[in-house]
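Q: Take these sequences, add in the hints, and give me the full structure.
Protein chains in written order, with the numbering used here: chain A, 1 to 278; chain B, 1 to 154; chain C, 1 to 799.
One or more of the hints may lead you astray.
Here are the computed lysine to any residue pairs in the SDA-like style, where the Cα-Cα straight-line distance is at most 25 Å [what the hints assert, rightly or not]:
no., chain 1, residue 1, chain 2, residue 2
1, C, 644, C, 704
2, C, 270, C, 55
3, C, 644, B, 120
4, C, 64, A, 40
5, A, 183, B, 143
6, A, 183, A, 78
7, A, 183, A, 85
8, C, 644, B, 122
9, C, 64, C, 34
10, C, 342, C, 13
11, C, 506, B, 91
12, C, 644, B, 93
13, A, 183, B, 126
14, A, 183, C, 687
15, C, 64, A, 8
16, C, 270, C, 237
17, A, 183, C, 760
18, A, 183, C, 745
19, C, 644, B, 143
20, C, 644, B, 126
21, A, 183, B, 122
22, C, 64, B, 16
23, A, 183, C, 235
24, A, 204, A, 225
25, A, 183, C, 703
26, C, 64, B, 15
27, A, 183, C, 639
28, C, 64, A, 45
29, A, 183, B, 123
30, A, 204, A, 224
31, A, 183, C, 435
32, A, 183, B, 117
33, A, 204, A, 219
34, C, 562, C, 7
35, C, 270, C, 306
36, A, 183, C, 750
37, C, 64, A, 43
38, A, 183, C, 434
39, A, 183, C, 438
40, A, 183, C, 440
Hints are computed from structural coordinates only; laboratory data are not their basis.
Here is what each chain is made of, one letter per residue.
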Amino acid sequence: MMAETGYGEITTPQTLADAVAAMAGGAVPIAGATWLLRAPLRHEVLPERLMSLRGLADLQVLTIGPRQALLGAMLTHDALAGALVGHPDLAGLATAAGASANPGIRRTATLGGNIGTRGFAASDLVPALLAADATVILATGQGLQSLPLAQHLAGRGDAGLIVRVEVARSPRRAAHARLPMRKAGDYPCAIVSVSADLSSGRIKDIRIAVGAVEATARRWTSLEERLTGTTLDPALAEAAARQLTGDFSARDAVDAPGWYRLSVLPVLLRRAFTQLEV
Amino acid sequence: MPIELTLNGEAITLDIDPRTPLLDVLRDRHGLTGAKAVCREGFCGACTVHIDGQAVPSCLRPIGLLQGCSIVTVEGLAPPGTLNRVQQAFIDHDVVQCGMCFPGMVMTLTDFLDREPTPTRDQIKAALVGNICRCTGYERIIDAVLSLQAEGVA
Amino acid sequence: MNRPTDPRTVVMNLPRRDALDKVTGRTRYTSDLGAGVLHAAILRSTVASARILRMDFSPALAMKGVRAIAQASDAPGLFGIGIADHPLLNGSRIRFKGEPLAAIAADTLEIARAAAAAVIVETEPLPAVMTMADALSPDAPIIHPDWKSYELLREGGIRGGNVAWEARVSRGDTDAAFARPDIIIIEDCFQVGRQNQLPFEPRCAVASYEDGRYHIHTSTQVPWTVRAVTAKALGVSPSRVRVTVPAVGGGFGLKFDCTIEPIAAVLAQKTGRTVSLVHSREEENLTCLCRENAEVRIRSAVTAEGEIAGREATVLMDCGAYGGEQVFLTTMTAHTLGGNYKLGSVRLNSRAVYTNTPPNGAFRACNGVYNTFFLERHTDNIARAIGMHPLELRRRAVLGDGDIGATGQVFLGDVLRPMLDRMAAFRDRTPDQRDRADGRLYGRATTVGTWFIFVGPSSATVNLNADGSATLVTSGVEIGSGTMVQALPQIVAATLGLSPDEVIVKAADTDAAGRDLGVGGGRATVSIGAASKMAAERVRDQILNIAAEMLQAQPEDLILTKGRVEIADRPGTGMAITSAIARAEALHGPVSGNGNFTAPGVAALPGCAAGHFIEAIDIPVFAVHDCEVAVDPDTGHVEVLSYKVVQDVGLALNPRAVHSQIQGGVVQGLGYALHEKISIGPDGALEQPGFEQYLVPLAGDVVPVEIDLYEGAPSIGPLGTKGAGEVPILNVGATVACAVSRAIGRDVSELPLTPPTVLALIQGRTDRMDHPHIAAEWTENLLGAEVPPRSPAKSRPTH
Ligand SMILES: Cc1cc2nc3c(=O)[nH]c(=O)nc-3n(C[C@H](O)[C@H](O)[C@H](O)COP(=O)(O)OP(=O)(O)OC[C@H]3O[C@@H](n4cnc5c(N)ncnc54)[C@H](O)[C@@H]3O)c2cc1C
Ligand code: FES
Ligand code: FES
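A: Right, here's the structure in full:
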């Protein structure tokens, strides 16, 4: 069911250098293909020249060390969800990976693809990674480049090949609350991902990221400031959030009107906080 | 570059546009019409097959990414003339209606039961988030799967 | 010979003979027949309203692999239901975005699509109306300026301008009722959106042209309608069209559509090849003949005791760009919105309104579903206004034996009241699920509903084969409901003393079986069942007469059982049925029998109904539903905690299969009530092209439906059966809406209740619903009563 009638190609580079060179020559990376293959449904043309990332061992890395977690771009959502179990600081990411889409897609769609998809507002992993303050490692013509995720999303730095994501580890807790229209299975209309240091009994160094509300996920810094130093109280946090939803200009889209996304944001924050309590 | 893979246990070689979805290869080139093209966007599960032992939708898998993979479709699930236990349970419980979703249901639930031999009702429902049925209202599908445990077959 | 078939020999949980192939993926649907054929693609309009100035096909024809083009001139006839207003391929005036303009057959689907995209279409925009409110405004552009010249396929419709059809009911003096001093007047407005049937197999057809005749394999519910419409659109004799139907991958009413088949037929004739035309999911969704969006204003005059002295309502049904099913369905308002309850007097006006949006169609229980929602929410508001418990009001007001319906039809038997009692007992013996609401808002409601079995012509032939098996030939289609693989073989087998697997059931082929209205409207078991039973009885009688001679017995003393003819009460004394068949063949030739059936017709009060296709319903079917919900006050998500159904089934031939239909129908209803939203964009196109946007219930969203089958209500169906497959969806929207309304303490006036809609209600963001374009004064909504439109020359029929 291809929209065009040309004969495409998918190459499979075996080294990062080859891959970077191929990209420079116009090849488009294809990972799980769950986004790319839907191009005809979006009335877009599927690129003729694609580059499979299956041959690149660097993109398969999965290390959850005491100081740092290294998550390769080719990890599927399923693999991520399985590997992150039992690490409170990575629990938000684990939930994001394990609750998104559906089982078949989670076995196919990758971390790199989720970050690399342009124009997709409802990505689950992105807000979870923003809350985790993740760094993206890109392979570029100048070698490996590391860039905070927020900057990568803003289109800064070279648009290179995502090799892996790095998350610094510390004794903190994280949670991810998403709201689809059904119990599960559809894109979330709003997402709140939280990560905070609660070791002192007070909220320290909190990061709150909001997804699906605006075109691109971002941190909710005013709320982070407001909640810093308070105790973990889901109801109070919700009330504080309700005062600050004006920070977002929410999308009106077919799945939900903007006012609805804003209205549920504080609720999702409360739910995320409730998850942190456990 | 020709793509070599195993389809229902048989080695095959394909020299076609590598972007072609596996689903179309199965249906149009191999006459394997058990996998259905219903949504072509990963939501309905009617096209589900096993790729290297994992149940995934075939509509979003370009054939060019499947070099060396082993693919099993509903036609290759059980030896000819036999049924696997999920299929048998569906017949025994009179679950089927129009039938379009069932090849996908069988593939998903067969894989699921291999990983999770004694699931709860809620776990089965969670496993079916990507398998839609427009006719049956699901519950009897779940009953059929649960019956496999009750019988101690699982 | 008049010997009744004992229902006990028919009733069983017969498994489906098609299940094995279906779970192993071997079933071949129409959409699986595409190998080695030409593929067709449809060129569709990209705007909602325009005049076509020029179409240039040369760029498409120049493409390699393009084999033929079908265009308006190939199918000049107009078709429709009630009114012939619909061209197959439009070459002059576009009336909705996505309208088929031409079709192209090519070696591959890719080439066909590319060729369709290459056709040059020059248009001049025309003004468009996307909503019924706009279509009814006095200076609205008229979508069918030639409406008066259209062929009328049915007399009696009141028509004019953008009103395709108006059906009216008037019984008794509502003015007097509303003027009574002892009544309270309750008035409400409600509305619903569209619902997509979303059968898993899209509309598709594979056509060939053989020996001067068209042969169409298609995924349809109505093979004989396809035959007729194809002939009409192509301007050929219906006898030149043959329609065969393999397994159908779901229908739900959508596959009453006949717009695919004639196109495939034209292309097959032009190319001399077999042509496959299969809708893509996007085409399928964006041109889906949905359950229509609708609006109502309803008001009732009710006494403190709950007597409904008068009721008036005006319903607007959006038929989209062409009249289609909605023209017919205006009829059903009388029997649904005007149903359930005893009404002292009543006036109803049901209007099918043209808009520049995709046409709508039939969907399981059709407008009954939303009319029941309107009526039951209104009934709850009445109960609140007069301070009576809603169940008590229903118990008092429902129709009973000898009561008359809106059109004056006399209802037989007390059915709804005992069904309400059955539901009360059902509720009492099952613990409520209030605990599971767990801090959310809890609500519960019980509603009643009336639907009907759409009877009408069916025919059947039974051939008794020399080996003792029987072949049943009908125009029935297996769409998933099980009639062809369960109910029909059960009926024939019981009549002939065979086991059901000895009854071969031939799939529909219009060259082999007689005319039939099709499968849908719950009619298959009743109409085709009755014809099949008659055919089998005629075969049985021949065999018994022959056997009586051979056994020197009276035919009345013989029975057919287990493949043998036996003398009643003396098992083992008779002979194998094959011996009797052999004798019959030797004497007269092979044994066969024909049966037929049609609607017997039930009387309405003369003069009550105008513009109706059916003034009274032959087989009413009733349903009582009960549901518990929990509503999240923070997000508006509704969870269904429990769902109970008491359904009037007459006689359940296959109780297990009936349960399966009820579970499936209720879940489709839950989709309608909660998830399945279709919105129409400013360009008049539907905004839900795929499964990403159009949300149907998933396994996690549903509950096991608790079911109590109510048997024994009067029915003219064979053995007292009624169709059981259509009605389960009837009151789901109503029941969920009433339960949610009670949970949140707000008036619920629209469906679906998506989380944003519910949260808006909870937060008070929603104004009380009003439809300014439906006048409060009932008579002002009648054609002929409104302010004359711009062109005063247009004469309008008065009533
Ligand atoms: C049924 C369904 C449900 C879904 N539900 C959800 C959901 O709930 N939440 C959610 O977040 N998402 C959801 N998605 C979206 C899906 O998860 C994303 O599309 C997916 O993460 C993309 O990953 P992929 O590996 O399939 O990407 P691909 O389709 O292979 O690629 C996507 C894009 O990323 C680029 N890309 C891929 N890998 C790299 C790399 N290493 N470096 C640079 N660029 C790269 C590609 O060039 C392409 O532009 C759903 C998708 C489907 C089909
Ligand atoms: S067709 Fe592949 S998931 Fe629907
Ligand atoms: S049986 Fe028809 S879609 Fe499941």
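Q: Determine for every hint whether it applies to the structure shown.
A: To see whether the hints hold, each was checked on the structure:
1. As the CA atoms of residue 644 of chain C and residue 704 of chain C are separated by approximately 9 Å, the hinted pair is consistent with the 25 Å bound.
2. A hinted pair counts as satisfied when its Cα atoms are at most 25 Å apart, and residue 270 of chain C with residue 55 of chain C qualifies at roughly 19 Å.
3. Under the criterion of a C-alpha separation no larger than 25 Å, the hint pairing residue 644 of chain C with residue 120 of chain B is consistent with the structure, at around 23 Å.
4. Only pairs whose Cα atoms come within 25 Å are accepted, and residue 64 of chain C paired with residue 40 of chain A is accepted, the gap being roughly 22 Å.
5. For the suggested pair residue 183 of chain A and residue 143 of chain B, the alpha carbons sit about 20 Å apart, so the restraint of at most 25 Å is met.
6. For the hint linking residue 183 of chain A to residue 78 of chain A, the alpha-carbon distance of about 19 Å falls within 25 Å, and the restraint holds.
7. Proximity of residue 183 of chain A to residue 85 of chain A is assessed by CA-CA distance (about 22 Å); at most 25 Å being required, the pair is judged to hold.
8. A C-alpha spacing of about 21 Å is found between residue 644 of chain C and residue 122 of chain B, which places the hinted pair at or below 25 Å, so the restraint holds.
9. With a C-alpha separation of about 20 Å, the suggested pair residue 64 of chain C and residue 34 of chain C falls inside the 25 Å cut-off, and the hint holds.
10. A threshold of 25 Å between alpha carbons decides the hint, and for residue 342 of chain C with residue 13 of chain C the separation of about 37 Å lies outside it, so the pair is violated.
11. For the given pair, residue 506 of chain C sits about 22 Å from residue 91 of chain B by alpha-carbon distance, which is consistent with the 25 Å threshold.
12. For the proposed pair residue 644 of chain C and residue 93 of chain B, the alpha carbon gap of about 21 Å is at most 25 Å, so the pair holds.
13. Our distance criterion of 25 Å between C-alpha atoms is met by residue 183 of chain A and residue 126 of chain B, whose separation comes to about 10 Å.
14. The suggested pairing of residue 183 of chain A with residue 687 of chain C holds, with an alpha-carbon distance near 22 Å, which does not exceed 25 Å.
15. Taking the CA atoms of residue 64 of chain C and residue 8 of chain A, the gap is about 20 Å. The hint holds against a cut of 25 Å.
16. With a C-alpha separation of about 18 Å, the suggested pair residue 270 of chain C and residue 237 of chain C falls inside the 25 Å cut-off, and the hint holds.
17. A distance of roughly 20 Å separates the Cα atoms of residue 183 of chain A and residue 760 of chain C; the hinted pair therefore holds under the 25 Å criterion.
18. Between residue 183 of chain A and residue 745 of chain C the alpha-carbon distance is near 24 Å, which keeps this suggested pair within the 25 Å criterion.
19. The hinted pair formed by residue 644 of chain C and residue 143 of chain B meets the criterion: a straight-line CA distance of about 18 Å does not exceed 25 Å.
20. This hinted pair checks out: residue 644 of chain C and residue 126 of chain B have alpha carbons roughly 24 Å apart, not beyond 25 Å.
21. Restraint check for residue 183 of chain A and residue 122 of chain B: satisfied, since their Cα atoms lie roughly 12 Å apart, inside the 25 Å limit.
22. Between the alpha carbons of residue 64 of chain C and residue 16 of chain B the distance comes to roughly 19 Å, so the proposed pair stays at or under 25 Å and holds.
23. The suggested pairing of residue 183 of chain A with residue 235 of chain C is violated, with an alpha-carbon distance near 51 Å, which exceeds 25 Å.
24. Between residue 204 of chain A and residue 225 of chain A the CA atoms are separated by roughly 10 Å; this keeps the pair inside 25 Å, and the hint holds.
25. With a C-alpha separation of about 13 Å, the suggested pair residue 183 of chain A and residue 703 of chain C falls inside the 25 Å cut-off, and the hint holds.
26. Distance check on the hinted pair: residue 64 of chain C and residue 15 of chain B sit about 22 Å apart at the alpha-carbon level, within 25 Å; holds.
27. Between residue 183 of chain A and residue 639 of chain C, the direct Cα distance comes to roughly 9 Å. Compliance with the 25 Å bound is thereby established for this hinted pair.
28. Taking the CA atoms of residue 64 of chain C and residue 45 of chain A, the gap is about 21 Å. The hint holds against a cut of 25 Å.
29. Between residue 183 of chain A and residue 123 of chain B, the direct Cα distance comes to roughly 13 Å. Compliance with the 25 Å bound is thereby established for this hinted pair.
30. This hinted pair checks out: residue 204 of chain A and residue 224 of chain A have alpha carbons roughly 9 Å apart, not beyond 25 Å.
31. Under the criterion of a C-alpha separation no larger than 25 Å, the hint pairing residue 183 of chain A with residue 435 of chain C is consistent with the structure, at around 19 Å.
32. Straight-line distance between C-alpha atoms of residue 183 of chain A and residue 117 of chain B comes to about 24 Å, which keeps the hinted pair within the 25 Å bound.
33. For the given pair, residue 204 of chain A sits about 16 Å from residue 219 of chain A by alpha-carbon distance, which is consistent with the 25 Å threshold.
34. Restraint check: the Cα-Cα separation between residue 562 of chain C and residue 7 of chain C comes to about 16 Å, which is no more than 25 Å; the hinted pair holds.
35. Distance check on the hinted pair: residue 270 of chain C and residue 306 of chain C sit about 65 Å apart at the alpha-carbon level, beyond 25 Å; violated.
36. Proximity of residue 183 of chain A to residue 750 of chain C is assessed by CA-CA distance (about 22 Å); at most 25 Å being required, the pair is judged to hold.
37. For a cut-off of 25 Å, the pair hint linking residue 64 of chain C to residue 43 of chain A stands: about 23 Å separates their Cα positions.
38. Proposed proximity of residue 183 of chain A and residue 434 of chain C is supported: the alpha carbons are some 20 Å apart, at most 25 Å.
39. Using a Cα cut-off of 25 Å, the hinted pair residue 183 of chain A and residue 438 of chain C holds, with the two alpha carbons roughly 16 Å apart.
40. Between the alpha carbons of residue 183 of chain A and residue 440 of chain C the distance comes to roughly 16 Å, so the proposed pair stays at or under 25 Å and holds.
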